[in-house]
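Visitor: Okay, here's what each chain looks like letter by letter:
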Amino acid sequence: MSTIGIIANPASGKDIRRLVSHATVIDNNEKVNILERIILGAQSFGVDKVYIMPDSYMMGYKTQDQLNLSKELTADIEILDMIIKASPKDTERAAQIMEEKKLGCVVVLGGDGTHRLVAKYLKTVPLIGVSTGTNNAYPKMLEGTIVGVAAAVIASKSYDTHLSCRRDKIIEILKNGEFIDICLMDAVISIEQYIGSKAIWNLSNIKKIIVANCHPASIGFSAIVGVNQYIDERDDFGAALDLNCGENRFLAPVAAGKIEALSSGDLEIIEMNQSIKWEVDFKGIIAVDGEREIVFNKGDSFEFKLTRNGPIQVDVRKTMETAVVEGFFKTK
Amino acid sequence: MKLENEKILEMYVNMVKIRKFEEEAMDLFAVGDIQGFVHLYIGEEAVATGACANLNEDDYITSTHRGHGHIVSKGGDIKLMMAELYGKKTGYCKGKGGSMHIADATKGILGANGIVGAGHDIAAGAGLSIKYRKTNQVCICFFGDASTNQSTFHEALNLSSIWKLPVVFVCENNGYGISLSQKNHQAIKDISDRAVAYNIPGVTVDGNDVFAVYEAVGEAVNRARKQQGPTLVECKTYRYRGHFEGDPALYRSKEELEEWLEKDPIDRMEKYLLENNIASKDKIKEISDRLDSEIQEAVSFAKESPFPDVGASVEDVYSDIVEEVK
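Chains as they are written, first to last, in our numbering: chain A, 13 to 344; chain B, 347 to 672.
Check each hint, because a few of them may be wrong.
Stated by the list, open to error - FRET-style restraints, in silico, Cβ to Cβ: (1) B:Thr-452 to A:Asn-214: 46 to 52 Å; (2) B:Ile-461 to A:Arg-261: 53 to 59 Å; (3) A:Asn-214 to B:Lys-510: 24 to 30 Å; (4) B:Asp-655 to A:Ile-95: 55 to 61 Å; (5) A:Asp-88 to B:Gly-421: 26 to 32 Å; (6) B:Glu-605 to A:Thr-86: 35 to 41 Å; (7) B:Asp-628 to A:Lys-135: 46 to 52 Å; (8) A:Ala-229 to B:Glu-352: 31 to 37 Å; (9) A:Phe-341 to B:Tyr-597: 48 to 54 Å.
What the hints contain is simulated information worked out from the structure, not anything from laboratory work.
Note that CB positions come from ideal geometry on N, CA and C, so glycine has one too.
Using the sequences and the accompanying hints, generate a full structural model.
Guide: Rendered as structure tokens:
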């Protein structure tokens, strides 16, 4: 018996960046379609139980109904028994339950922000991130069917996963000496005054970007640092860049359809298990993985520590390659 | 988006003003002073406040049957509003419209409206007028989630999109169409999903966070002023009272209401003001006391005003033919 879990964020892909850039809209009916494809892919390769996070749009139930109607559902679907808050707490709670159930693999549909919430709780169960958000650097654009197959390969626990899975880096954030949050990709310090619509896009307000990974082929803050130096998931270091100051001038893809001219200071490398410290001398906010979350005031002190305490992420492409080599697709 | 403390405080005052006006209307309705239907905006104050904080005096709004908050936010006079609720001659509609038909053309308030979905097309018309006259105005169209099932919504979004009209469609998604939960009348959860069909941007924000509404509508207003066309902004919110006063709201649970009370937009704003030293507790009390006096003045004005003459019932039924079409 192999089991997988699915966490699909009904709120991803709808924030203000659709107004300030050319970001894609992924509606919830499309997410239901993706869920169907994941389950169809997974059950064809031995997954017989699928746990799904309940949500206010009832994507799990809609998927179940749809697949029952088409008489294609063979796996058992169970919607997690939890009270829906229609808030990020739902994602956190679902991740916590799925970790406790020790599922074979968890598939997450959302953006960087959704994956950050999952990463707080999913420590031992491998994760596949599917992008249905905006400016995503962590989850990838993947076809649901293949995600389902890859999840089935991982959940079968029959193969060596050292090539196809890796434990991710994260940045642990401490405020006045106390741990308060994490980010998977980037923490951004801004002089914005409030959380508001959460997404962060006004680059002129940004003071500093701290990244665990960055790449010029991504978009947003990862790309802003990434066009200066790319740091991939295997590198045991991260970096920090002071923005809107210094002599370093460059162009970067800052949002969907938006390339901007920026200036920065020199790149500062952060080694594994090392921190950069920052004493606050103005009022502002910190955005984690693209969302304004932490408010600070003059006199606060922060520490951004790079660790490898992140989730175990599945490389779908490598997983499928391993499956071919190991004869996973062969039939009698 | 930079906000001066003065502007933040203005938004707070506006939200409290709406809340106090509505609570007074609730009490006056309960004792029988106000006749007819009253649909209260309590709980949704951040939407009208955050949205209208982006508008100029000559910009337009269209409203709904739950319109008091919109009227206050666009600068409506609460004395004239209260007099209208009382059906008095000094009211906005000379006492003949009541709660659901308050309008003030001098302030760009194109009217609350008892017909669900009627505001959509009026807003598109206002947008076309702005485009025709080549001014820099915009029109905000307020409407509820259930009204997006009406054909007017689809007609208005379609025309506004293909004609690139300066209209911002602000949906107040409070989860209910009268007594019907959204999940029982719509195959979608997020109204913003409907924007895709009309090739316009659609976003969803926390409608109980005045900053979130202000930011999103602000960007949409900027787009409209730059002639980039309409936007659909969905604000998730909740009305604390029933659909109308007298509705016991038995179709929803106590727990659901309590959950939303925890997200009260005014409490959240008050917390922000105190934490960021924008206002002290004394200042907040002073604001509250001042608004209480203003509301009582409005009630006195309404009570002391005369009812319209019987003969007025047949006046203002038809418009005089305007000079240009004679």
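Visitor: Look at each hint and say if it fits the structure.
Guide: Structure-based check of each hint:
no. : hint                               : in the structure
1   : B:Thr-452 to A:Asn-214: 46 to 52 Å : 35 Å, violated
2   : B:Ile-461 to A:Arg-261: 53 to 59 Å : 57 Å, holds
3   : A:Asn-214 to B:Lys-510: 24 to 30 Å : 25 Å, holds
4   : B:Asp-655 to A:Ile-95: 55 to 61 Å  : 58 Å, holds
5   : A:Asp-88 to B:Gly-421: 26 to 32 Å  : 59 Å, violated
6   : B:Glu-605 to A:Thr-86: 35 to 41 Å  : 37 Å, holds
7   : B:Asp-628 to A:Lys-135: 46 to 52 Å : 49 Å, holds
8   : A:Ala-229 to B:Glu-352: 31 to 37 Å : 45 Å, violated
9   : A:Phe-341 to B:Tyr-597: 48 to 54 Å : 52 Å, holds
Going through the hint list in order, the structure does not satisfy hints 1, 5, 8.
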